[in-house]
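Could you build all of it, start to finish, from the sequences and the hints given here?
Protein chains in written order, with the numbering used here: chain A, 1 to 567; chain B, 1 to 101.
Treat the hints as calculated values from the structure; they're not laboratory data. Quick caveat: nothing in here was measured; it's all calculated off a predicted structure. Where hints are given, some of them may not hold.
If you want the footprint, here are the derived chain B segments under chain A, 3+ residues with CB under 8 Å [said to hold, decoys possible]: (1) 34-41; (2) 47-58; (3) 61-71.
Glycine residues also receive a C-beta, built at the ideal position from the N, C-alpha and C atoms.
Each chain, letter by letter, is given below.
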Amino acid sequence: MLAQEPLTILIAEDSAADRLLLSTIVRRQGHEVLTAANGAEAVDLFRRQQPDLVLMDALMPVMDGFEAARQIKALAGEMLVPIIFLTSLTESEALARCLEAGGDDFLAKPYNQVILAAKIKAMDRLRRLQATVLQQRDLIAKHHDYLLNEQRVAKAVFDKVAHSGCLSAPNIRYLQSPYALFNGDLLLAAYTPAGDMHVLLGDFTGHGLPAAVGAMPLAEVFYGMTAKGYGLAETLREMNAKLKRILPVDMFCCATLLCLSFQRRSVEVWNGGMPDGYLHRIATGERVPLAARHLPLGVLSAQAFDDRTEVHPMAVGDRVFLLSDGVIDTSDASDQLFGVERLQQVFAANREPDRLFEDIEQALRDFRGEARDDVSMVEVSLLEPAQVKPSAPVYSDSGQSCPLDWSVSFEFRGATLKRFNPLPYLLQLLLEVHGLRAQSGALYSVLAELYSNALEHGVLGLDSSLKRDAAGFARYYQQRNDRLEALQDGFVRVHLQVQPQGEGGRLVIRVEDSGKGFDVARVMERPLDGVRLSGRGVSLIRQLGRNASWSDEGRSARVEFSWGVEA
Amino acid sequence: MSVVTEVSPDGQKLTISVRGRFDFGRHQEFRESYEHLAKRPESIVVDLKEATYLDSSALGMLLLLRDHAGGDSSDVRVVNSNSDVRKILAISNFDKLFDIS
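See the structure below:
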């Protein structure tokens with residue numbers, strides 16, 4: 001057995017003979033001894049020398065042992081300083097008083113040395129146990145504070161990145177726990193140069209810091225590529241490749257990515273591993289499920305990754321609702337999941353569309369009693385294009401090197417058309433011309449329409465009248481995917497010409513394709529509306545660009561942009 | 001034990017059965033069930049007959065197993081999943097990577 005560590009023991013005893021006797025016994029057992037002749041002296045000594053243990057006579061002059069015990073316990077605070085009462089009292093009531101005053105044990109006079117030694121040893125064990133518990137508690141508290149502080153800093157940095165987007169746009173409502181990031185949930189939104197809106201709701205595997213580390217690179221890719229005008233497919237391929245490269249095998253990110261187009265009144269969707277989202281058509285009350293058709297991001301190699309999206313037509317006021325698995329995987333006490341059926345019951349019972357989140361939260365509380373901390377929901381509605389106010393991009397160059405007299409031609413052939421989107425490059429090139437920057441949105445929209453007309457109606461020979469109704473709309477995009485996959489030859493040529501004109505300048509865009517052309521006269525007869533699902537592209541080009549014209553039986557389109565005095 | 005391993009007499013087939021909740025708590029056991037085999041099995045069967053629930057970290061564990069077994073050239077089957085588990089596998093589109101029945 002290990003020798004006991006020597007303790008400092010305070011002996012409070014008014015009888016000098018007893019004090020001497022007890023001191024001798026305790027010293028012989030190897031401890032330091034402090035002595036006091038009454039309670040007041042004991043308290044004073046305790047305050048000055050902090051002994052480890054106290055042997056306290058109950059009845060003493062000036063201050064009795066009960067009061068001294070109370071004061072010493074108060075001074076000791078959370079530390080356990082065992083007090084053993086020395087007493088000749090025998091009535092149980094008096095003994096109970098000793099314990100009530102804060103005593104931990106008592107020893108009857110006359111003293112038995114063996115029992116005294118055993119009690120000191122037992123009390124020392126308790127004292128050390130308490131000290132260890134306190135030390136560990138403080139350590140845990142310190143680590144916890146440290147962790148919270150780290151999370152707070154990480155979240156502050158991340159919020160700067162995540163909120164550089166447009167989550168505060170008037171058509172977005174969302175609900176996320178403040179520390180959703182550390183549950184792996186991620187919500188991003190940003191405008192494209194054409195004024196479309198990209199939205200991503202993602203859910204990384206796992207919890208805590210490992211779940212949060214992938215969020216930063218994903219957000220960087222999302223914002224960088226959206227701002228440059230890349231479409232969903234290119235952005236998805238890049239996000240997948242990046243996550244595949246940096247994450248360990250067992251980590252990935254389930255995600256739904258949306259492109260909401262206010263001009264085209266449509267939503268393009270890619271869902272990899274997230275629960276069904278819903279397109280809520282307000283006119284009919286129908287909720288079209290947006291189901292997961294793909295593996296999550298970061299699982300497949302770049303070669304095997306599938307970037308195919310679905311496109312659905314929308315009407316102004318229609319809403320797209322996305323949610324994380326925290327909602328449907330909430331389980332009750334008997335491990336039963338909330339599930340999709342209960343979610344749909346909430347949909348059915350929902351009377352006020354604006355209170356959908358609250359209804360779902362209430363249903364989760366009713367189901368489980370408490371909400372999970374990884375519930376994320378977002379709802380995006382389609383507005384009139386005029387109600388959308390994308391913030392103007394910020395340019396950081398000096399403006400001294402603006403090129404004003406040049407032209408360039410590209411020819412994009414079959415294999416390139418399949419996968420490559422030239423629009424971001426073309427736009428970047430054109431935005432070197434400062435006079436065009438003020439109209440970058442219109443410029444991008446017109447370029448995008450000219451290019452997709454040339455590709456879809458020209459090279460791929462798709463019939464835009466298919467897009468008359470919702471079913472045809474889906475069929476159109478299915479055909480687009482299939483024909484693009486099978487594409488062998490064909491081309492789209494883009495000619496850009498920039499010339500100075502007085503104080504300003506002029507850009508001429510010509511886009512040619514290898515398709516069959518179309519009946520220009522008939523299309524130009526149509527009024528410049530924008531309500532039909534089909535053929536909106538041509539009317540958009542005519543409204544946004546100057547002197548739009550078609551030649552070579554519709555195979556060649558020409559549009560002008562001009563600007564006045566350089567900004 | 002909530003993860004039980006069985007190797008066929010010829011050592012060709014490894015069967016891993018998971019009981020109860022298949023989540024991060026099973027991480028260690030699940031990895032050990034295939035990492036310390038003397039001989040690499042030709043095929044692996046993950047039996048989820050008695051698994052009640054499966055979360056995204058379990059999906060990650062399945063990916064690790066697949067990777068360990070040779071990635072695209074691996075033969076990993078996931079069998080006997082109940083309807084809740086099957087829904088989770090379906091949402092994640094894991095049928096594109098695993099033979100699920």
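So, going through the hints one by one against the coordinates:
1. Counting residues of the stretch 34-41 of chain B whose beta-carbon sits less than 8 Å from any beta-carbon of chain A gives 0, not enough to reach three: the coverage restraint is violated.
2. Coverage of a stretch by a chain is defined here by at least three residues with a beta carbon nearer than 8 Å to that chain's beta carbons; for the stretch 47-58 of chain B and chain A the count is 5, and the condition holds.
3. Proximity of the stretch 61-71 of chain B to chain A, defined as three or more residues with a beta carbon under 8 Å from a beta carbon of that chain, is established by the 4 residues found.
In summary, the one numbered hint that this structure violates is 1.
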